[in-house]
Structures are given as C-alpha cells and as structure tokens.
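**Q** Below are the chains, spelled out letter by letter.
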Amino acid sequence: MNFSRTKSALLAAALAGGIALPIVPVLAQDDTIKVGILHSLSGTMAISETTLKDTMLFLIEQQNAKGGVLGKQLEPVVVDIASDWPLAAELARQLIEVDGVDAVFGCWTSVCRKSVLPVFEELNSLLFYPVQYEGEESQRNVFYTGASPNQQAIPAVDYLMNEEGVERWVLAGTDYVYPQTTNKILEQYLLDKGVASDDIMINYTPFGHSDWQTIVSDIKTFGSAGKKTAVVSTINGDANVPFYRELGNQGVMAEDIPVVAFSVGEEELSGFDTTPLVGHLAAWNYFMSVDTPENEAFIADWQSFIGSEDRVTNDPMEAHMIGFNLWVKAVEAAGSTDADAVIDSIVGLETPNLTGGTATMLPNHHITKPVLIGEIQDDGQFFVVWETEDLVPGDAWSDFLPESAMLEADWTAPINCGNYNTETQTCGGTAQ
Amino acid sequence: MLTHFLRLALLTLSLLLPAQFAQAQPTDIPARIAAMGEANLRELTSIVTDLAATGDPAVVPVLTALGGGNLYLDETSGRIVIQGRSAITDPLTGEEVDLGAGADLSRIRVNNSLRRDIASALAGMTLMSDNPATRFSAAQGFLAKPDPINIPLLDEAIAAETDSNVLRLMQAARAVTILSDSEAGIEDRRAAVPGVVAGAGRNAITILTGALANAPDELRPTIEAALAGLEQSRAVWSALQNVWFGVSLGSVLLLAAIGLAITFGVMGVINMAHGEMVMLGAYTTFLVQLVIRQSFPGLLDYSLLIALPVAFLVTGAIGVGIERGIIRWLYGRPLETLLATWGLSLILQQTVRSIFGPTNQMVIAPTWMSGSTDFFGLAITYNRFWIVIFALIVFFMLLLILNRTPLGLQMRAVTQNRRMASSMGIRTPFVDAMTFGLGSGIAGLAGVALTQIDNISPNLGQNYIIDSFMVVVFGGVGNLWGTFVGALTLGIANKFLEPYAGAVLGKILILVLIILFIQRRPRGLFALKGRAVEQ
Amino acid sequence: MSKAQDTMLYLDGVSVAFDGFKAINNLSIIVRPTEMLAIIGPNGAGKTTMMDIITGKTRPDTGDVMFDGRTDLTRLDEAAIANLGIGRKFQKPTVFESHTVWDNLEMALRKPRGIFAALFYTPSDDDIAQITGILETVRLLHRKDELAANLSHGQKQWLEIGMLLAQDPKLLLVDEPVAGMTDSETGETAKLLREIAQTRSVVVVEHDMSFVRELGSRVICLAEGAVLAEGSLDQVSANPVVIERYLGR
Amino acid sequence: MLTQALLRALDKKAVWVIGIFLAVAILVPMANLLIPPGQFGHVPTYMVSLFGKYLSYAMLALALDLVWGYCGILSLGHGAFFALGGYAMGMYLMRQIGSRGVYGNPVLPDFMVFLNWKELPWYWLGFDNFWFAMAMVVVVPGLLAFVFGFFAFRSRVTGVYLSIMTQAMTFALLLAFFRNDMGFGGNNGLTDFKDILGAPVQAQTTRVALFAATAVALALSVLVCSMIVNSKLGKVMIAVRDAESRTRFIGYRVEYVKLFAFTVSAIMAGIAGALYVPQVGIINPGEFEPGNSIEVVIWAAVGGRGTLVGPIIGAIAVNLGKSWFTTAFPEFWLFALGALFIFVTLFLPKGIVGLWQQIFERRRKTPAPPSPSQSADVERGKDPASFSNPQPRPAE
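Chains as they are written, first to last, in our numbering: chain A, 1 to 432; chain B, 1 to 535; chain C, 1 to 249; chain D, 1 to 396.
No lab work stands behind these hints, which were simulated from the structure alone.
Treat the hints with caution; some may be incorrect.
To be verified - Think about it this way: if two alpha-carbon atoms lie no more than 25 Å apart in a straight line, the pair counts; the simulated SDA-like pairs of lysine to any residue are: (1) A:K220 - B:I515; (2) A:K228 - A:E121; (3) A:K220 - B:D104; (4) A:K220 - B:A226; (5) A:K228 - B:T373; (6) D:K194 - D:V138; (7) D:K118 - A:N162; (8) A:K228 - B:S137; (9) A:K193 - B:A226; (10) D:K194 - A:T426; (11) A:K227 - B:F286.
To be verified - Heads up, incomplete: computed chain A residues facing chain B, CB under 10 Å, no partners named: (12) Q62; (13) Q63; (14) A65; (15) G67; (16) E121; (17) R245; (18) V278.
Using N, Cα and C, we set each Cβ at its ideal position, and we do this for glycine too.
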C-alpha cells in the first residue's frame, strides 16, 4: 500500500510534468490568419450555437475563396465550450495565448460573454458577440453585433400598442439576466407610456421549463379583463416549444392574445408544427423570409455549404456575417490584425446587411440595425408585418433604467470610455 | 326570399365602412379579387371590407381561403387561386383550374387584424350555412364583434337553429349584442345579462367586464352581481383546474419514472441513461412520422399509435443490448452502474446529436390530440388528457405483466433471490435482459408521449432523469404503486405550490420536501417489507 | 422489576412480528451472571431474532428486555448496548476483511468510542500487551499482520471471538461458533467458551449437539419463537415434544 | 497526541505526495517568473492557472474520496459544497470591485444596480472582509453538510437513497441560485473580479501566487486526510464502509463517524471551490449541475478510490483530457468521456492506481484495498450482520 503510494505519487508528478511540457504556446504562423470560434457544440446551448459555428466556417470559407484577408488565408480554430462557462474562459485564453488567434467569434449566453470578457480585456484581443442581449455593457475589446433592447424590445412593444391596440401586458421570461433586464426596461417604458401597473403581469420560469399549464391559464385569466392583452416573451430557446404547444392547445389564438417573442427565430420554429401559432409575432433585425437579393444569395450559398435545402437562416447568423465582414474591412483598412489597430479602424465602417440596409459600427461598439416585426406562418417562416423606416442605432446603456440613463459608451478619442457619465463628464459609472 | 334580401341589406349596412364602398356592386368582385395579388396589407384590408360589403355568398370561399392562408397568386399567369387539399380551384367558380407548368404560386399573406376583419365579415355570411361547425364559428364571430344591426339576423338564425351548442352560442351572441347596445332599453339589457352568463362560457367574464365599463349606473348592479357570481364559480373551478393540472403533470412524471421503477426499483440498477431511453423513444416517433408523412400521408393521424410499438421495440432492444453489454458485469455494484450508465448517457446524447443535429425535431400533433375542450369551465387540453389515459394504461399493463405473466413471476423471483431462482432453473441472464429491456421499452413509450408536450432534442432525457429518480425514491424503491402514488402526489403538490411560490420556488420546495420526507421514511412512501429485500 | 434483580439478562413476555409472522412469541428467558446458557432449536425458531432484540437491532412489539437487572435494552441502539457490555458473534463470521487481524482487535478493544478519541488514539503498551494476549488465546498471533480476508473460516470464527474478548463484555452472545470447524477446533472452542464463562455470562446458539454437550451448560430449546423445553441437555433431549419437533427420531 | 497523529500521518509514505505538491508549489512559480518565456522549462502563465484549476479539482476529488472511498458514502452532491465555497469567495471578490463597477456604485455589485436593488441584502454584509469571507468558505459548506448529514445519517438513509438525496440537494441549490431574486447574480453568477487582497486578479504574480496557494492547500488536505485514514478513526471508517452494522455491534456510533467524514470533506470541497473561483474568474450556478458532482465521482474512480493519491491523479488526468479533447476533437469529446466512464467501471474497478499495483506489485504480497465486489457484497445487504434485519433495506 505505502510503496504503491510512493510510486503513484511519482506517477502523478511524471504525468503532470510530462503533459505540461509539450503544451508550450505556439505563436501564430505568418502564413495564415487564425480566427477563433468559441461556441457550445454540446450541452444545453448546443441547440442554438452549433449553427453559428457552421456559419463562421461558411463565412471563412467564402472569404478564403475571395483570396482571404491581407493576402493570407483565414484558418478557423474551433473549440467546444460545452455550455460550461468557466471552461469558456479557459478556452478563450487558450485560443488567444496558445493558438494565437487574431479575433474570436462566439458566445450566445450573457454568462458566456461575462466569463470570457475579462480574458479579452487582459489579453487585449477581439470578441464578436452575435446575439441580442440585455445591454448595460460596452467593452473595448467586444463588438456587439446582436440587438440591444432598444433595437428589439422597445419597437416591438410600440408595434403592439399602435397596430394591435394592446393595453394589458404579460412580460413572461426565463429567469436569467436578459429577460430580467429587458423586462425591467419594458416595465419602465410601459409605465412611462401611461400603462397602469396592474395592467402589467411579470412572470419568470426556470430554464427548460416544460409544464406551462398553470402559466398559460393564468395568462388567459389575465387576458379576460376586457382589455386587449398581449404577451411579450423573453422565454429562452428550449422552453418555447412546450410553451407554444400549450398556447395552441389551450386555444390562445394570435387574434385574441398575440405573443411577441425576442428569442424565437426560424431555427427554434423548425422544431415544431407552427399551424396553431400562425399570427404570433417575433421581433428581430433579420428574417429568412426577407425578400432581398443579398438575402437570397446568402441563403442559397449557406444551404449549398451545409448541404441541405431545409436548413434555415436566422438573426444571429446575420449578426455573425455582419461582424465578420466588418472585421475583415477593419483589418484591410488597418493593414494589420493587431487588436488596437482594428479597434481604431473598425468604428464607422459600414457593410451591407441582408435586409437591404447597411450596418455601421458605432463608437459604442454596437451596430445600426433595422427592426422587423414578423408574424409566424404555418411553414415556420415569418411574414414581416412591420418594420422601422430607418436603421436604429444600438444603445449600450438603456435610457429607461435610472442608473444607466446618463451613461454613454464611446470608444473613440477623446472619450475612450465604456461607461461615460454625460452629467459628471467623467468615465466610470454613475454613483460618484 | 324576402328575408334573404332583408338580411343582405342589413349586412351591407352593417359592414359599410368606410362609406365610399357603399355602392359596391357584385359585378366588380372578380376585379377586386384579382387586385389582391399585388395588394399590400392596407389595400388588402380595404378589399376585404369591400368584398364583404357585397354580401354576396360567392365571396365566402375567397375570404375563408384568405383567412386560412390558402389563397395564392400565380406569379406567371397573375391568377388568384385557392390551394385546396387536393386541387387548385378558382376562388369564385370553385372549379378546378390547371395552371399548367411554369406555375409559380406565392401565398397572399394576412396579419392578425386582417384575420379578425375576415372572421367578422364571414360571420354574417355563414350564419345560415348548412354546416353546424361553420355556423358555430360564425356565432363566435358575432360574439366577438357585437353589433346591434345584426340582431334580426341573429333572431332569424336562432329561430332556424337546430344544433343546441350553436343555439346556445347564438343566444349568447344576441344577449351580448343587446347588452352592449346603448340604444337598447335598460330592461332588455338587464334581461340580457343571464343570457351572457349562460352562453358565453369562459368569455362571459371578459364580456361583462367590458360591458361594465360603459354601462349606465342602473345597469351596473346587475352586471356586477353576475360578475361576482362568475368570479366565485371561477375560484372553485380554478382549484379543480389545479387538480387537473397536477394530475396531468403527475402522469407525465409517472410515464417518465415508471420505466425507472423497473430498471432501478426492481433490478437495482441506477440507470442514469434512462432519460436517454425516453429521448430515443421520442426520436423513434419522429422517424416513424417522417416515413409516414412521406409515404402514407393518409395515416398521419395515427402515426403516434404506430410509433408506440416501434418505439417500445427499438428502445427495448437497445436496453437488452445495454444489459448484455454493460450492466450484467455490474450486478451487485449498484453505485458503479450509476457511473457506467452516466457515461452511456453522454454517448447516447452525443450520438443522437451528431446524427440528427442539436436542434429540435418536429412531431406533428394528430388532430385528435390538439385543441382543448371546455368541461364545465375546466379547460382540458386533449394532448394532456390522452397522456393521462395513456399513463394509466401503461401502468396497469405493467402491473399485469409483473403479476400475471410467467415472465413477471420470474422477474420477481430473480430480483428477490437470484441464487435460488437460478437453482430452480430460471435462466436468470435471460430474465435480467428481459427485465431491463422492459424497463427501457417503457421509457421509450414515455418518449412517444412526451413528443406531444416537449422538445425533441438530444437534451430531452436530462430534463426528466432527476425528477424520475425523485418519484421512484419518494414512492419507495421496488414498488410500482409507490411510483404511481408518488408521481401523482408530486404532480399535484407542485401545481398547488406553483401559483403561490412561482414555478422555480415551487420546484425547489418540492425537492426540499422530498429530502425531509426521506429523513422521516428512509425507504420511501411504500417501503418493501420482509427479508426478501435484503438480497 | 424485582424479578430482574441479580440477573445478567432478563427477557419477559417478549414478542415481535414481521408482517404478521410472529418470529418471537411471548418469550421469557433469564441469564444469571457468569452463567452459560446454550440455546438449541430448529431453523426459524427465532434464535437469531432473539439476539437481534437483545442487541437492539430489532425492537420488540411487547415485553421487557433488561440487562444487568436495571438497564432497559429496548430503549437503546446497537452502539449503546454494545458499550454497556454486550458482545455478539454472528452466525456467519463477520470480521473486517480489509483490515489486518491486529487492526480488527485494536478496533474492538474496549476504549472510548468517541470520534476524536478514535482520531487521536495511539495504542499504549498496555493495549498492545492486551491485544497480543488475546491473539495468543485465539491462536492468531503468527498471522496478526495479515488481512482478515485471508483467514480460513475457522480462524475467522476465532478472530471474531477474539474481538468479543477485546470488547471485554459482561454478556457474550455467540451464534453457531463452531460451524465449519474441525472436531479438534470444536473442542478448543468449547474449552475457550467454558473459560470465558468463568467470569462472564455467555449465551451460545448451536445446532451441534456434541458441542452443546461439551459446554455442559443449561439448555433451552426454542421453537416458533417460544421456549419449548428447559434444563440440562439430557432432560431437554429426553423431552418428547423436543424429539418430536426438533431432534426427530 | 496531535503530534503523534501527525507523525503517524507522515511516516506513511503520504509524505511523498505532500512533498511533491509542496515542491510544485515552489518550482512552478519559479519556472514561470524566473525563466524567461520561450526558453526551455518556462511555464507560461496560462498553464499555471490551468493547472491551478486542476489542482483545485484534485482537492475536490480528494474530499469526495474521503467519504466515498473510505467511508462508503457515495455523495453525488459534492459539487454543491465546492460551489458554495466558490460563491463565498466570489462574494468577497465582488465587494472588492468597489466603485470600479460599470455603474461606479461603491457598495452594490453591477447586477444589483441594473436590477434596481436599493441596498445590499443582509447576507452580503461582511463579505468585504477577507477573513470573514474565508470563514464563510469553511462554515457554509461545513454547516450544510453537518445539517444534511446529521438528519440523513441519524435516520440511516444509506446507499442509493443517500446518493439520490445528495443529487436532490445540489439540484435544489442549482435552481435556487439560478433565481435572480436570490441576489447571487442568477445565471450570470459572479464575475469580472478586479483584485484579491489588493493584488489584481489577472496579474501574473497573483495567478502564480494563487497556484502556489492551491498546491499548498492540496498538500495540506492530503496531510489531513492521511492523518484521518491512518488513525483508528480511519480504520473505523473503512469498517463502516465494509460492514456498517457490524461496526455498530462493537460499539461505534456509525452516524457520527459518517457525519465527521462528510463534514470534513465538505469543508475541503468548499476551500477547493474558494481557490478555484479567482483562477477561473467566474462562479455561476452551473457549478451546482448534478452532472458536475457525478463527474467528480468519475475522477475519483478513474484515479482509484480508497487511496489518497488516486483521486488526485484522476482529477488531473481527466481534466487534462477534457481540455485537450475540447480543442482537438470538439465533436467527439463527449464520446471519449462517456467511453472512459464505462471503461473504468468495467475494467479498472480500482482505477489507475489499482492498475499500477497490479502491474508492479503482483509478486510482492502487499495487502490490497478490498476489491469493489467485496465491498459490493456489503452494499448488496449481504453484510452478514444484517442477515436477519427486519428493517427493509434498499433493493440494491
């Protein structure tokens, strides 16, 4: 026993040492530009993120076909963060330090972004984050190509108010930071619009909540107060299928109580039969059904790349496309992949989006987007029933939260600050 | 005949907005329909109002098709056609049309508000239809958009109505109309209130509260009284509703757990891959339906029934494979079966993920499982209803197998005293394999049912594994009745906690309660007694 | 209570039933200090269950179980009863197989059983002497550093008896001590038990009649959870009912 | 008394393991700080924190092995103790951010600010003090384990039942910490730490220091464990594992023995968690995932349960593999992990260490730890002492 202890102890040391040596960081070779892809390919988030990994591979392949960047080919480095956020931080560090990537495209959840954020800050690299999120953040090394609340939630609520004449609101969401913040913003916004506070019902459910009977019947009861009622849903991916099923089965028709969702896109709808859902709404900055030549081409190329006619496209994919193109432009402009150079050159650059407009990188590292409201069709697609006349600039700090109303983000000289207080004219927060 | 004209006249009046369409002539119906092709939503709305205004029954099919999203424009020929189940027909004549090759159909899309207009427009025209279902929906249309002008129309319809359900709804519609008509006499309006309460069902409260808002003071007490009554009965029913929710949640838990009650409860294998068996069952259903949808669309409604045996066999076979391949080496090491099966579950998940992709798959709900029925104020959704029934069937079948069949006898023999059983000439390895196969097969059946309420994704199983274990442990390992009672208890408790504590806290409370309960009764609700358990 | 006076073990009207089956049925037994009592009886007579009741593993439904004239055993759990000074040897030898013979005894040795007492325990010379002594008595000194798992069946029996001695109990309950022993070993065991009975009370459950005879103690024959006959072995084995129900013709 | 116990712990060759980790605690930092990058032998900071993480995992696995390998309690909830320790540390680090948060609120963490919390909830008070926080790192997991264990062991919840209950415990905590209203940052957890004891968390020196601290802590836990398992109490623990009720019959209070082991182990897990958080820079409810706790069991099983070095080897090996696979074959690493679990349980019941013994010590007659099937007999209720036990036992 004892002897074995010694031996195995030595073994342990040998093991540790032996493995430690070979893993010495290799500096990026000069012949390729490495691009990190940081998405969950397993675990709970794989359902949404795997497609984004493929999208990046697709975009990189296209770019290489066009001759790469700065005359060099792009080399994707894929890692699986397995829906495990500390692992995400570890892998981000590994991508930058060991694999020497010049930019990383990745993350879906806020927690993923939050966990890798310090790494990018410390190692001064670039992260392009493609998903709509709660805002309240602007970081020098991160580019937010998804929608911030003012590019999705607010316009959607406006639509319901004006077009559908909604007076009574159910804010239903999964209990995590994006719905919490979005609902806080919406609640404030509605109150400002003169909605009585007892005409607002807020409800949170756990991740992957599958038994919606009680909540749906509560919604029906809430909706039976004689006022036009609508549900604003920030329910996260997996929980949506059972939610909509229950809606359909309990006979909540879009004509009576429309549901507008911020996290339900073509990808999620491909999961089930949408016939009972026809007429329910979603707010995005892109729909697969948008009828523009750019979009047509994008879909065609994507489907041929992935080798399936029935694979859909969705908003985060467009966000990745925009982010990628902006990065390429910025690198070309800066003539180098150096993070600081790119950060300086990328602000103000423009690239066409897939809905016929142009996406501009703003000083707060968010982009301009159109806002589209679509109604679910029985073929799992959306029919655009409303869209903003012009592009909406992404706002990092919501004007409807007391603490962040006076905050601005501007990463250009002279301010160069992610949380610039417009009242005290100082960088760094409100409570000074 | 006269009444018919009268009705048309009234209708035309009723739908005269905006006024410039007053002179709508039947003749330009085709033109208007043709115009739909290129119309945007606003134009479309006016065209619909317009067509409705003609009051010509001929436009009914067009509007119906438009509302149902079956109205198409053939880009090449510029014709508007109706895409029926079997054939493409002309919207007006209803004859089949052959667009020939090169036809390029694009749907004419509508939005919610337009759908509402169409519904109300159609209501007027289909109130006299021969099909009770159509009349029913028509009456609903009136219920939704009460308008005094329609009262004579309603009266006539009521006089002619034979179907009691439809009649009740029509009377409700009439009552609502009177109630909401400010010109009508107070007495009539007061008299109308009971009609609303009687006929409008769950909507009554909505309607009355609406009416209350702009009711004259002398009317208020009546309405308020009626409302109070409704609220009261609703309180009672909501309790019952909770019980029903609880039962249906419980039956889902039961389905998920009952397979485990075999593999874990009876065999003592801590089967962490149980959830994946459920998941595989769901995917089998998906595949079965895929085949059916492509090859025998006629059977689509029965695809679930067909999937049941298939899923049972597939997962059962996999179960036998697992038992032969892994479990049998681990008998007597229950805690190690946990580790092995956990690894197995990872592999199964990843396998499914790499075959079908990580995204959800679609299983269409058969018509007999979609929608809900109003069982005295209890909203009972069909899918839940059938799942409850199904859970009960599975449970009692299982009881039967275990208690009435030779296999069941042998299973109990082996689990109670392996050595004795084998010395009595029972082929224990065979029985083990069969038992595990049975457990897995039942998990597969659960998977089939779950396709109707949950995602079909590689993670499906994980959402149920912990709950399943809780149910089995709470009910008492090795006792099917324990699992049964346990599942229903947890389901109902959960549903009664949810309204007060909220979904998340409710679940937490349940878990804590289980933990405490196990302290009191370390062997669960129905603990096995005697020495048999010790082997 | 008075009846319990100056008895080592006192069972009165004890009954226990498992799911209706009466394993012990109104059983009354008395064991006096430094007395040896042999209990015989057919399988299922309730011998082992009786021991379970005494050692606190099974709670009787009715009846008194008094130890040393004053302590009510039905209120205590196994550990407490063991610490009172009741040692039990099991039907099938139960030693800690992954421990050495020595460690088995060291654990059994009568010492404070508390957590920290055990954590900081270091054997004193006195303890070592005591253990060595016991090892000699049970003839295992030469194998003291081997895993108990590697002992023969008979040796395990003796090791367990040794553990009993180490516990230094007032009352020993010995269940089939000579099962699977050679005749000579059996003889040794009988001798050993008789020695022990000089200073302590011993209750032996055994089927082996020759062994019981060697013990030469008072004998009780149990059947269906009740006393069938009592007295010297000859008296008991002469009892027609016993012959009928147990010994057979 | 204590000294004797210490000596007993040390004279067993555990001293080697301890020595190695103390050496690592000194050498690796030197290799990182003194040897310039690029030169042979330089250990990049990245590797340092990576291995720091592994060592804290190793400590967790060791803690689990103390209860599982030695006392036969298969806890599937040790991730919870780890996470609680981590949260205690995380709360301290959050308070250290002070007014450097995005809103510059001197007291409230950012997530509270934008969720419109007005003042700090009471259970956050005091965490600005390092020593208080460290006390909580020990107290919170310890207390939870003590209370949970006290009831569970007293009412003799054993085997599978206990394992499932521990799962329920960690699952309930998972759901609880996901709730934003709990005030622990919900799904996002606690992150964006600035500095610890005044030193910036990201700085190379801090990372190296944290690594050293973890290595030392691990060495100490090995010392403590070896002290316990080599004492008479350790022998009693093994006795409990192999023949629980027999141990009762020689007068030991099994429930207290278990409770002691469980609590000590939970405290170790908590400390491991506290060391883990500053090195990975985030703590979120994901750590409570029942799956994580099961993985810890796997580490111990892979390395070899019932030994002190086994779980350490297992934890490091499995996590190295994980890091490597997730980069090398992202699609397939789950297959590998799953296959590993099955392989180990089927073919390496005694883990790597057991294999080691089989290979190198077949000839030497060294007492080997009991084969699982032996102890399994006990799990199966064949523990002879319980033959006539009318109390129903789980149908294991």
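**Q** State for each hint whether it applies.
**A** To see whether the hints hold, each was checked on the structure:
Taking the CA atoms of A:K220 and B:I515, the gap is about 35 Å. The hint is violated against a cut of 25 Å. Straight-line distance between C-alpha atoms of A:K228 and A:E121 comes to about 47 Å, which puts the hinted pair past the 25 Å bound. The hinted pair formed by A:K220 and B:D104 fails the criterion: a straight-line CA distance of about 41 Å is larger than 25 Å. For the hint pairing A:K220 with B:A226, the CA-to-CA distance comes to about 20 Å; that is within 25 Å, so the pair holds.
Our distance criterion of 25 Å between C-alpha atoms is met by A:K228 and B:T373, whose separation comes to about 24 Å. Taking the CA atoms of D:K194 and D:V138, the gap is near 23 Å; set against the 25 Å cutoff, the hint holds. A hinted pair counts as satisfied when its Cα atoms are at most 25 Å apart, and D:K118 with A:N162 does not qualify at roughly 34 Å. Straight-line distance between C-alpha atoms of A:K228 and B:S137 comes to about 21 Å, which keeps the hinted pair within the 25 Å bound.
Note on A:K193 and B:A226: the hinted pairing is violated, with a Cα-Cα distance of about 33 Å set against a maximum of 25 Å. Distance check on the hinted pair: D:K194 and A:T426 sit about 20 Å apart at the alpha-carbon level, within 25 Å; holds. Taking the CA atoms of A:K227 and B:F286, the gap is about 40 Å. The hint is violated against a cut of 25 Å. Nearest Cβ of chain B to the Cβ of A:Q62: about 22 Å, over the 10 Å cut. The hint is violated.
With its C-beta approaching chain B no nearer than about 25 Å, A:Q63 sits outside the 10 Å limit, and its interface hint is violated. Using the Cβ-Cβ criterion of 10 Å, the hint placing A:A65 at the interface with chain B is not satisfied: the shortest such distance is roughly 25 Å. At a threshold of 10 Å, the smallest CB-CB gap from A:G67 to chain B is about 32 Å, leaving the interface hint violated. For A:E121, the shortest C-beta to C-beta distance to chain B is roughly 30 Å, which exceeds 10 Å, and the interface hint is violated.
At about 6 Å, the closest approach between the beta carbon of A:R245 and any beta carbon in chain B falls short of 10 Å, and the interface hint on this residue holds. Interface restraint check: A:V278 against chain B, minimum CB-CB distance 7 Å, threshold 10 Å, status holds.
Hint check: violations occur at hints 1, 2, 3, 7, 9, 11, 12, 13, 14, 15 and 16; the rest are consistent with the structure.
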